[in-house]
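Novice: Protein sequences, first through last, are from chains E and S. Sequential numbering of the first sequence, starting at 1146, is according to this note's numbering. Sequential numbering of the second sequence, starting at 71, is according to this note's numbering.
Bear in mind the hints are in silico, worked out from the structure with no lab data behind them. Some clues are possibly wrong.
Taking beta-carbon pairs under 10 Å as the criterion, some of the chain E residues facing chain S (in silico) [unchecked claim]: (1) Gly1229; (2) Leu1255; (3) Ile1314; (4) Ser1402.
What the simulated footprint calls covered on chain E by chain S, stretch by stretch (three residues with Cβ under 8 Å from a Cβ of chain S suffice, anywhere in the stretch; the number is not a length) [as the list claims (entries may be wrong)]: (5) 1203–1213; (6) 1292–1303.
In silico BS3-like pairs for lysine-lysine, Cα to Cα no more than 25 Å straight-line [claimed, not checked]: (7) E:Lys1303 to E:Lys1238; (8) E:Lys1294 to E:Lys1238; (9) E:Lys1303 to S:Lys110; (10) E:Lys1238 to S:Lys110; (11) E:Lys1295 to E:Lys1238; (12) E:Lys1368 to E:Lys1294.
Positions of the beta carbon are idealized from the N, C-alpha and C atoms, including for glycine.
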Amino acid sequence: MSFNVLASTLGTMAPAEGFPPTPEIFWQPLFSVAGVSITRAMVVAAISVVGIAWWLVATTQRAAVVPSKGQFFTEGVYGFVRNGIAKDMIGSKDFLRFVPLLFSLFIFILVNNLFGIVPFIQMPTMSRIGFPIALVLVVYVVYHGIGIKKHGLAGYFKFLVPGGLPGWIVPFIFVLEFITFFITRPLTLALRLFGNMFAGHMLLVVFIVGGWELFLADSFFLKLAALPAWVLAFAFTLFEGLVQFLQAYVFTLLAASYIGGALADEH
Amino acid sequence: MEGNLSLVGYGLATIGPAIAVGLIFAAYINGVARQPESGKLLQPIAILGFALAEALAIFGLVLFFL
């Protein structure tokens, strides 16, 4: 109510096309081939794969004992995943065979997330739910696969329940653990990445488009209010960079911890 | 004023995870302040706890759109 009074005293605002922003802004088909739409997110993902491949080949092709700057940087990122995530979470016995998977996941998610704040691209791929689901499917198959391989199919289900419990409580714990392992874990893993990228992108759109709407309003004071909106948009872009890195880290960390949990001998 | 009441509900729902994330990092900072060399050990644990608490807020966001 009071907002209407405020608006009428400050001047009228004509809502323009695409304002306020809705989740539809994430559906951006560029062109379609044989009825399949190629969206902006798909193009960004393809660019990221090419970019990552070029980066890794270029910096490791002539690997030397005394590394060049590029090789040093790549080794730093690799070492971060290898020692900071895989070794800590899986344990020093059999972490090494999962490092390639975790490293690929980490840099793929990181580069795709960072595209959300790269000027002129500004599309976090993972804000389309299909991409996180595909990545989580890989992790899901891997951690159940190695768990079943290690404990056997019946042993894996027995392994879900921690030992030393009174008999009557075992069925309840089994149901709880079963839901955790097979439903909650993949669901949260996919939704966390998706939700963060989606919400972050929406936030930036609200501040930038909202600032533009304020700027277009026919009142001097509303035009003035556009400035703090854009300053906040800039601040949130920096904040998004932090969140994007953190989410890539968290996804890899959780994937490693699920793998480590499936490989553990005892609960 | 127009709008959707579930938006307000989601805003209220984020308070819980927000407090949880605050508590987790408060505990992390306390731990590191008492014993600086434990920082490296505690960091993945803190971030893991943060991610799990934050998942609840993300659930709320998804449910809002359902």
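Novice: Hints first: check each against the structure and report whether it holds.
Specialist: Hints, verified against the model:
1. Hint status for glycine 1229 (chain E): holds, given a least beta-carbon distance of 8 Å to chain S, under 10 Å.
2. This hint is violated: leucine 1255 (chain E) has a C-beta 15 Å from the nearest C-beta of chain S, more than the 10 Å allowed.
3. Proximity of isoleucine 1314 (chain E) to chain S is violated relative to the hint, the smallest CB-CB distance being about 24 Å (cut-off 10 Å).
4. Given hint, serine 1402 (chain E) at the interface with chain S, holds; its Cβ is 7 Å from that chain's nearest Cβ, closer than 10 Å.
5. Counting residues of the region 1203–1213 of chain E whose CB lies closer than 8 Å to any CB of chain S gives 0, which falls below the minimum of 3, so the coverage claim is violated.
6. Interface restraint, the region 1292–1303 of chain E with chain S: violated (0 residues with C-beta to C-beta distance below 8 Å; minimum three).
7. For a cut-off of 25 Å, the pair hint linking lysine 1303 (chain E) to lysine 1238 (chain E) stands: about 23 Å separates their Cα positions.
8. Taking the CA atoms of lysine 1294 (chain E) and lysine 1238 (chain E), the gap is near 17 Å; set against the 25 Å cutoff, the hint holds.
9. Distance check on the hinted pair: lysine 1303 (chain E) and lysine 110 (chain S) sit about 34 Å apart at the alpha-carbon level, beyond 25 Å; violated.
10. As the CA atoms of lysine 1238 (chain E) and lysine 110 (chain S) are separated by approximately 20 Å, the hinted pair is consistent with the 25 Å bound.
11. Note on lysine 1295 (chain E) and lysine 1238 (chain E): the hinted pairing holds, with a Cα-Cα distance of about 14 Å set against a maximum of 25 Å.
12. For the hint linking lysine 1368 (chain E) to lysine 1294 (chain E), the alpha-carbon distance of about 64 Å lies beyond 25 Å, and the restraint is violated.
This entry does not satisfy hints 2, 3, 5, 6, 9 and 12, going by the numbered hints stated previously.
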